[in-house]
Structures are given as C-alpha cells and as structure tokens.
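Q: As you go down the protein sequences, you meet chains A and B in turn. Counting from 1, one number per residue, gives the positions in the first sequence under our numbering. Counting from 1, one number per residue, gives the positions in the second sequence under our numbering.
It is worth saying that the hints were derived from the structure and are not from the lab. Treat the hints loosely; a few may be bogus.
Mimicking DMTMM-like on lysine to aspartate or glutamate, the simulated pairs with C-alpha atoms at most 20 Å apart in a straight line are [stated by the list, open to error]:
| id | chain 1 | residue 1 | chain 2 | residue 2 |
| --- | --- | --- | --- | --- |
| 1 | A | LYS385 | B | GLU146 |
| 2 | B | LYS145 | A | GLU291 |
| 3 | A | LYS205 | A | GLU84 |
| 4 | B | LYS80 | A | ASP131 |
| 5 | B | LYS6 | B | ASP75 |
| 6 | B | LYS80 | A | GLU336 |
| 7 | A | LYS88 | A | ASP148 |
| 8 | B | LYS145 | A | GLU287 |
| 9 | A | LYS9 | B | GLU81 |
| 10 | A | LYS9 | B | GLU109 |
| 11 | A | LYS14 | B | GLU146 |
| 12 | B | LYS68 | B | GLU81 |
| 13 | A | LYS248 | A | ASP39 |
| 14 | A | LYS139 | A | GLU84 |
| 15 | A | LYS98 | A | ASP131 |
| 16 | A | LYS9 | B | ASP75 |
Some chain A residues flagged as far from chain B (calculated, every beta-carbon gap over 12 Å) [as the list claims (entries may be wrong)]:
| id | residue |
| --- | --- |
| 17 | LEU8 |
| 18 | LEU11 |
| 19 | ASP97 |
| 20 | ILE342 |
| 21 | GLY349 |
Calculated from the model, a selection of chain A residues having no Cβ within reach of chain B, i.e. all distances over 12 Å [stated by the list, open to error]:
| id | residue |
| --- | --- |
| 22 | ASN2 |
| 23 | ALA107 |
| 24 | SER301 |
Please read all numbers here as calculations on a predicted model, not as lab measurements. Quick reminder that beta carbons are idealized off the backbone N, C-alpha and C, glycines included.
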Amino acid sequence: MNLFSVALKNLTRKKVRTLLTIGGVAIAIAVLVSLWGFDTGYQRSLNSDIDKMGYQLLVTAKGCPYEAATLMLQGGGGLRYMDESVHKQIVSDPRIDKITPQLVATAYDAARQEGRGGVSLYMGIDRSYIDLKPWTKFKLGKWFSSDDANEVIMGYEVAEYEQRAPGDKIFISGRNEVLTVVGVFERNGTQDDGIIFMPLKTTQKIFELPGKLTGIGIKLKDMRELSKFEEDLYNVPGIQIISLAQVKGTILNLISSAKAMTNSVALIAIIIAVIGVVNTILMSVFERTSEIGVMKAIGASRMDIFKIIWVETTFICIFGGILGNVIAIAGGKTIEYILKSILPYAPKGHLVVITPHILILSFFGAVIMGLVAGLYPAFRAASMKPIEAIRKGE
Amino acid sequence: MKPLKKPIIKAAGLAKVYIRGTEEVYAVNGIDLEINDGDFIALMGPSGSGKTTLLDLIGCLDNVSSGKLEVFGKDVSKVKETSLVGLRRGHIGFIFQEFLLIPSLTAIENVELSLYFARRPQERAKLLQLFEKVGLGHRVDHLPKEMSGGERQRVAIARALAVSPKFLIADEPTGNLDTRSSQEIFDIFKKINKEEGLTIILATHNPKLGSQADHIIYLKDGKIVSKEESSLY
C-alpha cells in the first residue's frame with residue numbers, strides 16, 4: 001500500500017469525470033504539440049526548400065522584396081523583367097562559382113484544378129541551371145535538343161498531374177504554340193516539381209519577352225564574400241539582390257505574427273485545462289471530506305494528504321499529456337492539410353514535424369501543469385481539520 | 001483488592017467551547033476524569049450531552065478550549081491540532097459510528113493504509129491473523145460496499161488495532177447496527193480488553209451494552225453526572 005495506488009484508485013472512482021478531465025488536458029497538450037511541431041516542420045521545410053534552390057543570391061528587377069521573395073519560392077523569380085545585359089555584366093565576376101539566368105512566365109489554364117482554372121508556371125533555363133542543382137535527375141527522357149527548340153522538360157508533379165511522358169505534345173493556352181515533352185525530372189521535393197521548363201530562348205520567344213530575364217541565381221565560391229559582392233551589385237541600375245537568408249527571415253517574419261496568435265490560443269487552452277483540473281480535484285476533495293478527516297484521524301500527516309491529492313492531479317495531467325501527444329501525432333496530417341490551405345506560402349514537405357524533443361518537452365509540460373494545478377486542492381485537503389472534516393462529511 | 005493501575009489520561013476542568021453565531025456553547029464544561037491503563041469505559045448520556053466532544057478531545061482530534069488534559073503524561077491542552085498527529089499516529093485507535101472506511105480500498109488495503117500512515121508496514125499474514133481476531137478472516141479482499149454494516153465495523157476495528165494503539169476510542173460504534181451485530185461488535189471490544197488489556201473508551205446510547213463496560217460515566221450538558229462501576233467489575 002502506498003500513496004500512488006491510493007491516488008490511482010481514487011481516480012477510478014468517478015471514471016467519467018476523470019476521463020473528461022484527462023480529455024481536457026489532452027486537447028490542450030495536443031494543441032501545444034501541434035504548434036511546436038508546426039514551428040519545427042515549417043522551418044525545416046523552408047530551410048530545405050531554400051537549400052535545394054542551389055543558389056544563395058537571386059538578382060531580380062527592382063520591386064517589392066516581399067513579393068519577390070514569395071514569388072521566388074513559388075516559381076523562381078519576381079515577375080518583373082530585367083535585361084539580359086545584367087547577366088552578361090556580372091557573369092565573369094571571379095567571385096562567382098555558378099550563375100544561372102531564368103525567365104519565369106505564367107499562363108492561365110482553364111482546365112487546371114479540375115476545371116476551376118489555374119496558373120501554369122513556365123521557366124526558361126539553360127544548362128547552367130542543372131549545374132547549380134547537381135542533384136537534379138531525369139526520371140524520363142533527356143535535355144533539350146537545342147537552345148531554342150520548342151521542347152519542354154516537366155517537373156515531376158506537373159507531369160504526373162497532366163499524365164505526360166516524353167514524346168507528348170503540350171499546348172500553352174493563349175500562346176498558340178505546341179511544344180514537345182522531351183523529359184521529366186525526378187521528384188526533388190521543391191517547387192521545381194510543379195514547373196514546366198523550357199529553353200531560355202524559347203521562353204523569350206513564346207512569351208514575347210526578347211532579351212528579358214526575371215532572375216539570376218548566383219552561388220559564390222566563398223560565402224564570406226557575400227556582403228561585399230552584394231554591395232558591388234548595388235551599382236547596377238534597375239536590379240535588386242535578394243539573399244536567401246533574407247528571404248527566409250522575411251517569410252519567418254510573416255508567419256511569426258500568426259504564430260503569436262496561435263501560441264496565445266494554446267496558452268488559453270492550457271489555462272482552461274488547468275482550471276478544469278483544479279475544479280475537478282477540488283470537487284473530489286470536498287466530496288471526500290470525511291474520508292480525508294478519517295485519514296488524518298488515523299495518523300495521516302498534512303504531507304501525506306497533500307501528496308495523495310497532488311499525485312492524483314499529476315496523474316491526470318500525465319495521462320492527459322500522453323493522450324495529447326497521441327492525438328497530435330495521429331492528427332498531424334489533418335492539421336498539415338488545413339495549414340497548407342490557409343497559409344500564404346507553404347513550403348514543400350511536412351509542415352508539422354513532431355520530434356521526440358517536442359514529445360518529451362510537452363510531457364514534462366503536462367507534469368508541471370499537474371504539479372501546479374494540484375497545489376491548491378492539495379493544500380485545501382491538507383488543511384482540513386480531522387474533526388471538522390469527519391463531522392462535516394456525516 | 002484492585003491492582004494498582006497507571007493513569008494514561010488525566011483531565012482537570014476540561015472544557016470545549018464552540019461559537020454558534022454570537023453564542024458560546026459549552027459542549028464539554030469542566031470535566032475531571034482519570035482513565036487508567038486497561039480500563040473499559042462507557043460514556044453514556046442523551047444526544048448533545050458532550051460524549052463525542054469528550055472523545056474527540058481525549059483522542060487528540062480537537063483543541064482544548066480550557067482546563068488541562070494529559071495524555072500519556074503529556075499536556076496536550078496547549079498543543080495545536082496540527083502537532084497532535086504525531087501523538088495520534090500509532091497510539092490511538094479510532095472507531096466511528098459510520099465506519100468511515102475508504103470506499104475505493106478493500107478491507108485489507110484499508111488496514112494497510114493506516115499502517116502506511118503510521119510508518120509501520122506489516123506482513124499480509126500478520127494482518128490476516130488480525131482479521132481472524134475480529135471475525136472477518138474470509139472477506140479481506142472485499143470492498144466496503146460489498147459488506148454488511150457489522151462487517152464494515154469489524155474492518156474499522158481491525159484498522160484501529162493494526163497499529164497496536166495504547167487506547168481505543170469508539171464513538172457510537174454500534175449506532176448503525178442491528179441488535180445482534182451490536183452485541184457481536186461489543187463482544188469483540190470486551191475480548192480485546194480482557195485478553196490484551198487494551199484501554200477502551202466508548203460512547204453509546206444503548207444502556208444494555210453500556211452496562212457491560214467496567215466503568216460507566218453519565219454525561220449531561222457537558223458535565224459528568226455520575227460515575228458507576230459495573231456490577232460485573
């Protein structure tokens with residue numbers, strides 16, 4: 001016989017009440033774990049998106065940097081155009097390791113999204129694009145036959161979606177051009193999966209943008225030269241330089257206000273759960289007034305009583321914590337789906353990543369919650385005078 | 001000739017006052033009493049005569065308002081209730097009219113809990129002997145709700161005896177029992193008193209039972225009206 005088994009047996013006395021209270025704690029913990037998981041997952045996906053771009057700097061035409069940042073992650077460049085001469089001007093800079101010009105274009109396609117209409121993304125590239133992303137592999141087919149061929153290579157997802165294979169003809173709506181699919185890239189988990197690639201010159205011709213680019217991706221030989229390099233490029237008129245570190249910061253800033261909001265929701269959920277636990281335990285303490293009195297009469301010290309009630313509360317929160325973690329893991333996919341539909345920019349990959357670290361942290365959070373919630377009821381129970389408790393309970 | 005006995009409880013001018021609104025109510029009002037080791041005492045008197053309050057004071061469950069009370073030679077009249085737990089624990093056994101067992105624990109667990117509080121854990125075999133003694137050897141693993149009143153009171157007696165107390169306090173122990181169970185429970189008290197010499201102080205309404213104790217103390221309005229020695233004594 002010890003205090004733990006007494007506390008456990010007390011909890012099984014009113015099963016429904018105990019389960020409801022555990023449920024309240026579980027929901028609060030599940031919210032918390034999901035939020036932390038989202039935080040971790042989002043940053044991780046964002047980092048991986050950015051790393052997989054292969055470049056550290058993107059030169060674009062002057063414009064809103066936020067717009068450019070978002071567009072860049074979604075398609076590779078802001079839809080403002082700069083002259084190809086910029087590329088020629090900086091391509092020979094000795095500090096540059098790799099450099100690639102890109103031209104992003106969009107076409108509205110009424111057939112997309114099951115007939116609701118949507119935008120298809122096209123990107124004009126040249127060989128250097130692959131040099132920047134050496135991990136790029138062909139699933140099917142091969143590279144363009146020439147610099148200005150009417151040919152496309154499709155990203156994995158867009159090819160899957162449109163059911164295309166090399167040899168198929170595709171039609172760009174509004175442009176009256178027919179192109180031949182020559183290759184399909186392997187999935188790489190970035191926005192590239194959703195883009196249709198064309199030779200740069202072909203893109204310029206089809207979209208009537210001769211000599212124009214939307215962006216230039218640059219990878220430096222030495223990252224430490226980054227700030228000096230950026231400074232030098234400020235002298236080139238009509239362009240701006242976005243470093244991916246900046247982009248990351250910008251996006252994280254954008255979601256941080258949303259995060260503050262959701263964190264306060266989690267906090268409220270936890271406060272409500274704590275109040276619920278305190279209420280339940282207090283109620284059960286008052287119901288057991290005469291029992292507590294008799295325990296004191298037969299020799300229980302204040303500390304004994306305090307511990308029994310404290311352990312009961314902590315048990316509730318521990319069970320709630322475990323259940324909450326299970327709910328968060330099980331419901332992670334659903335939350336991810338909801339988040340992806342409401343976020344302005346969602347990176348590829350898992351948005352909610354629940355790490356063991358988060359699970360351990362939330363478990364201890366639940367334990368602390370129990371210890372805090374149990375203080376007052378335990379104190380009330382411990383302070384009962386045996387004689388008053390016994391007589392009151394009669 | 002009575003053997004010389006050692007007093008374990010001494011009360012002089014003992015009083016307990018409750019405040020009811022603006023009124024002071026003396027539940028116990030100037031009691032002088034001496035209880036010796038091995039005594040079997042029945043407190044009798046009408047409701048509200050102060051039996052329960054006197055038992056609470058002697059059992060160190062409540063603070064003394066005025067007068068002097070010595071338990072085991074220690075003056076407890078000035079000690080706060082919170083410090084009395086050490087004195088109660090393992091020294092005084094309590095038995096209540098409502099049995100007051102912990103409903104979520106089985107008979108034997110109820111006894112184990114009191115041993116836990118007394119920091120004196122015991123072997124199950126030893127506890128089973130104790131249950132035999134109170135006539136409940138076969139039902140130790142049942143919950144209180146599965147037992148009759150008489151059985152529950154036997155568990156309560158086992159719980160009180162388990163810690164080997166120096167005296168036993170029983171407040172109307174048969175108040176909720178039928179005549180037959182009442183006599184059976186009372187017989188257990190008599191047996192422990194005679195065979196083990198354990199001091200028992202018991203309050204009862206039942207003159208037939210009360211008269212079987214060695215000493216009978218009649219209370220009225222918080223005062224002792226008369227003390228009798230049983231004819232059997």
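Q: Evaluate each hint against the coordinates.
A: Now for the hints, and whether the structure bears them out:
1. This hinted pair does not check out: A/LYS385 and B/GLU146 have alpha carbons roughly 29 Å apart, beyond 20 Å.
2. Taking the CA atoms of B/LYS145 and A/GLU291, the gap is near 15 Å; set against the 20 Å cutoff, the hint holds.
3. For the hint pairing A/LYS205 with A/GLU84, the CA-to-CA distance comes to about 14 Å; that is within 20 Å, so the pair holds.
4. With a C-alpha separation of about 85 Å, the suggested pairing of B/LYS80 with A/ASP131 is violated against the 20 Å cut-off.
5. Between B/LYS6 and B/ASP75 the alpha-carbon distance is near 16 Å, which keeps this suggested pair within the 20 Å criterion.
6. Annotation: proposed proximity of B/LYS80 to A/GLU336 is violated, straight-line Cα distance about 60 Å (limit 20 Å).
7. Restraint check for A/LYS88 and A/ASP148: the C-alpha separation of about 19 Å stays at or below 20 Å, so the hint holds.
8. Pair hint B/LYS145 plus A/GLU287 holds up; C-alpha atoms about 17 Å apart against a cutoff of 20 Å.
9. This hinted pair does not check out: A/LYS9 and B/GLU81 have alpha carbons roughly 29 Å apart, beyond 20 Å.
10. With a C-alpha separation of about 11 Å, the suggested pair A/LYS9 and B/GLU109 falls inside the 20 Å cut-off, and the hint holds.
11. The hinted pair formed by A/LYS14 and B/GLU146 meets the criterion: a straight-line CA distance of about 18 Å does not exceed 20 Å.
12. At most 20 Å may separate the alpha-carbon atoms for a hinted pair to count; B/LYS68 and B/GLU81 meet this at roughly 15 Å.
13. For the proposed pair A/LYS248 and A/ASP39, the alpha carbon gap of about 14 Å is at most 20 Å, so the pair holds.
14. Among the hinted pairs, A/LYS139 with A/GLU84 is inconsistent with the structure: their alpha-carbon atoms are about 31 Å apart, more than 20 Å.
15. The suggested pairing of A/LYS98 with A/ASP131 holds, with an alpha-carbon distance near 7 Å, which does not exceed 20 Å.
16. Note on A/LYS9 and B/ASP75: the hinted pairing is violated, with a Cα-Cα distance of about 39 Å set against a maximum of 20 Å.
17. A Cβ of chain B approaches the Cβ of A/LEU8 within 12 Å, the least distance being about 9 Å, so the stated non-interface status is violated.
18. Listed as a non-interface residue, A/LEU11 fails to keep its Cβ farther than 12 Å from every Cβ of chain B; the least gap is roughly 9 Å.
19. Non-interface status of A/ASP97 relative to chain B is upheld: no Cβ of that chain comes within 12 Å, the nearest being about 73 Å off.
20. Look at A/ILE342: its CB is around 48 Å from the nearest CB on chain B, clear of 12 Å, so calling it non-interface holds up.
21. Listed as a non-interface residue, A/GLY349 keeps its Cβ farther than 12 Å from every Cβ of chain B; the least gap is roughly 50 Å.
22. Once the 12 Å rule is applied to beta carbons, A/ASN2 is inconsistent with being away from chain B; the minimum gap is 7 Å.
23. Annotated as non-interface, A/ALA107 keeps its C-beta farther than 12 Å from every C-beta of chain B; the closest such distance is 72 Å.
24. The beta carbon of A/SER301 sits about 5 Å from the closest Cβ of chain B, which is not more than 12 Å, so the claim that it is off the interface is violated.
In summary, the numbered hints that this structure violates are 1, 4, 6, 9, 14, 16, 17, 18, 22, 24.
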